[in-house]
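Fit chain B to the supplied structure of chain A, relying on the hints for placement.
Going down the list, the sequences are from chains A and B. FYI, numbering that gives the first Met the number 0 numbers position 53 of the first sequence as 52, with every residue one higher than the one before it. FYI, numbering that gives the first Met the number 0 numbers position 203 of the second sequence as 202, with every residue one higher than the one before it.
Some hints here could point you the wrong way.
Taking lysine-lysine and the DSSO-like style, the derived pairs with C-alpha atoms no more than 30 Å apart in a straight line are [said to hold, decoys possible]:
#1 B:K35 <-> A:K321
#2 A:K321 <-> B:K271
#3 A:K158 <-> A:K134
Computed from the model, here is a short list of chain B residues facing chain A with C-beta under 7 Å [claimed, not checked]:
#4 F48
#5 S54
#6 G60
#7 I61
#8 V64
#9 A122
#10 I125
#11 Y126
#12 L139
#13 I142
#14 Y156
#15 T220
#16 G250
#17 I280
Keep in mind the hints are simulated off the structure, nothing from the lab. Glycine included, C-beta positions come from ideal geometry on N, C-alpha and C.
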Amino acid sequence: MNKVSKLTAARMESTPFGEDAQLKRNLVARHRTGSLWHALFLLALAIGIVALTALIYNILDQSFGLVALEVKVEPRELAQDGVPIEELSKEQLITLLEARVSKGVLRRLKAEQPLEQRDREELLSLVYERVVQPKVVQSWSLTDSLLKRHSVEMEAAQKYPSARLEFRSWVNPHFITQPQSSDPQLAGVRTAILGSLWTIAITILVAFPLGVGAAIYLEEYATDNALNRIIQTNINNLAGVPSIIYGMLGLAIFVRALEPFTSGALVGGVADPTTANGRTIMSAGLTLALLVLPLLIVNAQEAIRAVPNSLREAGYALGATKWQVIWHHVLPNALPGILTGTILSISRAMGETAPLIVVGASTYIVYDPHSPFSKFTTLPVQIYQWTARPQQEFRNLAAAAVIVLLVLLLTLNAAAIIMRNRFSRRMI
Amino acid sequence: MSEVPNREGEFPLATALSARSLARRAAAAPPELRKKRRPLELLIQAFLFACGAISILTTIGIVYVLGSQSWLFFRSPEVDILEFLTTTSWVPAVGQFGIWSLVNATMMTTTFAMIVALPLGLASAIYLSEYASPGVRNVLKPILEVLAGIPTVVYGYFALTFMTPLLRAIFGRDVVEIYNTASAGLVMGILILPLVSSMSEDALSAVPRSLREAAYALGATRLETAIQVVVPAALSGITAAFILAVSRAVGETMIVAIAAGAGPAFTFNPFKAAETMTGHIVRISGGDLSYDSIDYDSIFAIGLLLFLMTLALNLISRAIMHRFREVYE
Numbered sequence: 000m001n002k003v004s005k006l007t008a009a010r011m012e013s014t015p016f017g018e019d020a021q022l023k024r025n026l027v028a029r030h031r032t033g034s035l036w037h038a039l040f041l042l043a044l045a046i047g048i049v050a051l052t053a054l055i056y057n058i059l060d061q062s063f064g065l066v067a068l069e070v071k072v073e074p075r076e077l078a079q080d081g082v083p084i085e086e087l088s089k090e091q092l093i094t095l096l097e098a099r100v101s102k103g104v105l106r107r108l109k110a111e112q113p114l115e116q117r118d119r120e121e122l123l124s125l126v127y128e129r130v131v132q133p134k135v136v137q138s139w140s141l142t143d144s145l146l147k148r149h150s151v152e153m154e155a156a157q158k159y160p161s162a163r164l165e166f167r168s169w170v171n172p173h174f175i176t177q178p179q180s181s182d183p184q185l186a187g188v189r190t191a192i193l194g195s196l197w198t199i200a201i202t203i204l205v206a207f208p209l210g211v212g213a214a215i216y217l218e219e220y221a222t223d224n225a226l227n228r229i230i231q232t233n234i235n236n237l238a239g240v241p242s243i244i245y246g247m248l249g250l251a252i253f254v255r256a257l258e259p260f261t262s263g264a265l266v267g268g269v270a271d272p273t274t275a276n277g278r279t280i281m282s283a284g285l286t287l288a289l290l291v292l293p294l295l296i297v298n299a300q301e302a303i304r305a306v307p308n309s310l311r312e313a314g315y316a317l318g319a320t321k322w323q324v325i326w327h328h329v330l331p332n333a334l335p336g337i338l339t340g341t342i343l344s345i346s347r348a349m350g351e352t353a354p355l356i357v358v359g360a361s362t363y364i365v366y367d368p369h370s371p372f373s374k375f376t377t378l379p380v381q382i383y384q385w386t387a388r389p390q391q392e393f394r395n396l397a398a399a400a401v402i403v404l405l406v407l408l409l410t411l412n413a414a415a416i417i418m419r420n421r422f423s424r425r426m427i
Numbered sequence: 000m001s002e003v004p005n006r007e008g009e010f011p012l013a014t015a016l017s018a019r020s021l022a023r024r025a026a027a028a029p030p031e032l033r034k035k036r037r038p039l040e041l042l043i044q045a046f047l048f049a050c051g052a053i054s055i056l057t058t059i060g061i062v063y064v065l066g067s068q069s070w071l072f073f074r075s076p077e078v079d080i081l082e083f084l085t086t087t088s089w090v091p092a093v094g095q096f097g098i099w100s101l102v103n104a105t106m107m108t109t110t111f112a113m114i115v116a117l118p119l120g121l122a123s124a125i126y127l128s129e130y131a132s133p134g135v136r137n138v139l140k141p142i143l144e145v146l147a148g149i150p151t152v153v154y155g156y157f158a159l160t161f162m163t164p165l166l167r168a169i170f171g172r173d174v175v176e177i178y179n180t181a182s183a184g185l186v187m188g189i190l191i192l193p194l195v196s197s198m199s200e201d202a203l204s205a206v207p208r209s210l211r212e213a214a215y216a217l218g219a220t221r222l223e224t225a226i227q228v229v230v231p232a233a234l235s236g237i238t239a240a241f242i243l244a245v246s247r248a249v250g251e252t253m254i255v256a257i258a259a260g261a262g263p264a265f266t267f268n269p270f271k272a273a274e275t276m277t278g279h280i281v282r283i284s285g286g287d288l289s290y291d292s293i294d295y296d297s298i299f300a301i302g303l304l305l306f307l308m309t310l311a312l313n314l315i316s317r318a319i320m321h322r323f324r325e326v327y328e
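Only chain B is shown next, with the shape it has when bound in the complex:
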């Protein structure tokens, strides 16, 4: 009884009621203080946990599928894992499986994409974060978001029907082939620009105002503040953005499938056609593919390599973000 706070005057009825019922209960039996068991609540919680666990199943599925099919591929007599990793000729018809022609093309397109996306992305992030007034930012940011929302197949179309003719007009039709890695890479850079820009801008705007004000107080110009104070302070975030951009470029498929060429070729000439890892997977699986053929198994081996590459890049990006992040109070 004494535990019930005496609030007479405020809730006279409630207090009276609860006091009476408590008294009655106390007389009959000790109060039931255990948590009531609610099976439905438990069921719901189990269902929700299952929803979360699906993501784990997805990962296990990816690793299992890629791993088991690649195992079949590497076990087959025509394939030698050493040859796979060291030679440069990919001609499944005669049993040559040298991954480097595909990896090389992927690296070519990725390099071109980074040449476009990294400087432009960082520069526009600096502009949006350090120079633009809120009004200007509200106009410019949605434009970048639109750029990010356009399906990649449209970029592929753009690369083939706009960028390639443009390159051929500049460098000559004899030099530039209809399908080439340069065109695909440049357009891929435009696709990735918004990603670099928005991630870098997030990193830049996370730098506290006090750092900028200190720099201004020392007489630094806006540029000096941005380049010598804000960018170094946000370097971990920017680096993470760059690495994530590389990962996106490596895994990008439709642009290279349309514009980079259909047929593996080991070449360092950006104006020649060469098929990337992703482009090869799409072309092979788009045709009539019979299961249990070496072609079918080979795309899973390429997929496994692709998965490992992007996973490694993503993990590095995340690690940099966490390890080297400067925390300001």
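So here's chain A without its partners, still in its complex pose:
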């Protein structure tokens, strides 16, 4: 008895963790390691946030800044009797154009549309484009423009004595409303935005019904047999296929094999001068539809699965058929989730570039797309093409186009959130 208590006492003095002092030292060391790693884990997240900040900073840095502008003819020289060209009447602008623009160009312009039929703003921009001919000879980043303004001014004065230095936002109304141009001063993203919207519209029209249909089938009808298991596994695997592979599928199937349909020959019959053998909005939209389908199905399945079974059983108990239960009870309740998933898929499609390049987005078009069978370019493709050029001005344009794209995506996501909130309120 005595022996035992002595033994326990001895054990108490040196615990399995060591002597008392040693234990304390040990504990301090362990806690120190703990807080060190805590800091490291936080650092990892911080790096992610820093990367995001750097990305946004980089885009903004390139979208705004000083530019050195050289003009062929000073707008001041064009003023008539002290009236600056901005205030000239339509007739005066026409005489100005006829006096200053070469005969050949004038004939071409008149062939497009007689000068008298154009409105004043159009004539004014023609004067700028054809007579004043401003040209960006160099551009600086926003950081340089703000912090090193003096040295930028020195550099500009030295290199381009005739140039005028002005602050320029590369994102501006002109940029958004004008078509692509080989002159960075005049280039805009109008055709690219329209191309993106057309493509996305076709993607939604095709992918939404198919995706929701497949999700309903898998969740409500499919029994646990081999075929249905294959469909489910297959969808999960398709979600992991690189997007460029879908582009190649689109190229072989929609652009080549289904050319009579995707070029519009089969449907419209009219040989459109702007179409290019199946490399049309239709092909692009269908390719993107196949690309987002797995994502859309999986999201819709989750939304449908979240509808409580009691709702279905209540429907059946009242004598509703299976489809009546799905249409009147399951779908309305799953709709907010389905819509959110759809919008997420659409944002994905909106930012896709690689498959569209493979399917054959045009490198250079200035005409608005006007039907699903037009040639097209989209915003991401436009960004890619501008980025790939070596001149700094095109990098500025690419940054501005990135801002437009991100704003579009943000709007889309905000719309998704608002829509979801509205629908879910109505459900309850």
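Below, chain B without anything else, positioned relative to chain A:
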């Protein structure tokens, strides 16, 4: 009659009605108990099945397209499949088709991406799952989601106009070329970070609380609990996330198309330009491509290899997830 439960008092009218009609029917003919045939319902079901079957058609389409065009490629006299798989020079103009220069570049960018994405992704997942309070998590998680939602072409722009100048400033302009695999790979790592982080976090938070509490009860610190108990318990999910991340990096296109260089090159120098498999496909198909040319067929052969690589990685990832998942009651 006797089957109808007698609920008089509760629904007197209904019971009376149904009793009367049942009686009348029983007198006339045996009740119709067969399921009514509804052609419209069948039609709808057939349509919905067709929707689901489209995914199978897509897969068949992918395999058929890649397979048949690759067959054309390998059958052409200029190509030898052994040469394709073993040599390192890809110059279609002189009939040299050695896939390794492209595969090598893909592996270079993927390696750099993994160096960034795996440790950072896992560390941020551990932080979010084990350390962060719900408030902090609600602020930090959306930031990672924004990072995941940015189109890849924007990352490509970022790599070329930010990461490359940064690398050139650090290592010297003579060492680092304008187009290089390191820059593309590092930015790709940032792109993939959210994927690793969110998948690993899902795996970590699936580990039951009781395991953590047992570890704390034994006197483990938070770090020891996280590293020695929670991470091993979630290892299958984390491994699956890592493999999926590799698959994403292999198939990633726009960043490498913009920043890694245009022109196949067999080099192990990360600061030199080299074209990856995906980058090559985009460049070749972006130009004016005539069908039935060897160039056209060759991108399908590259595509087939790419498809098989990513498919294998995805299947392994899925298998690990299912096979080695620890199921806790």
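Each hint, compared with the structure:
1. B:K35 <-> A:K321: Within the cut-off at roughly 12 Å; holds.
2. A:K321 <-> B:K271: violated (62 Å)
3. A:K158 <-> A:K134: holds (15 Å)
4. F48: With a closest approach of 6 Å, the B:F48 hint holds.
5. S54: Nearest chain A Cβ about 5 Å off; hint holds.
6. G60: Interface hint status for B:G60: holds (6 Å vs cutoff 7 Å).
7. I61: holds (5 Å)
8. V64: holds (4 Å)
9. A122: This hint holds: B:A122 lies near chain A, its Cβ roughly 3 Å from the closest one there, short of 7 Å.
10. I125: Since the shortest Cβ distance to chain A is 5 Å, the answer is holds.
11. Y126: holds (4 Å)
12. L139: holds (6 Å)
13. I142: This hint holds: B:I142 lies near chain A, its Cβ roughly 6 Å from the closest one there, short of 7 Å.
14. Y156: Holds: closest Cβ of chain A sits about 5 Å from B:Y156, inside 7 Å.
15. T220: B:T220 check passes; min Cβ-Cβ to chain A is 4 Å, inside 7 Å.
16. G250: holds (3 Å)
17. I280: holds (6 Å)
When held up to the earlier numbered hints, the structure conflicts with hint 2 and nothing else.
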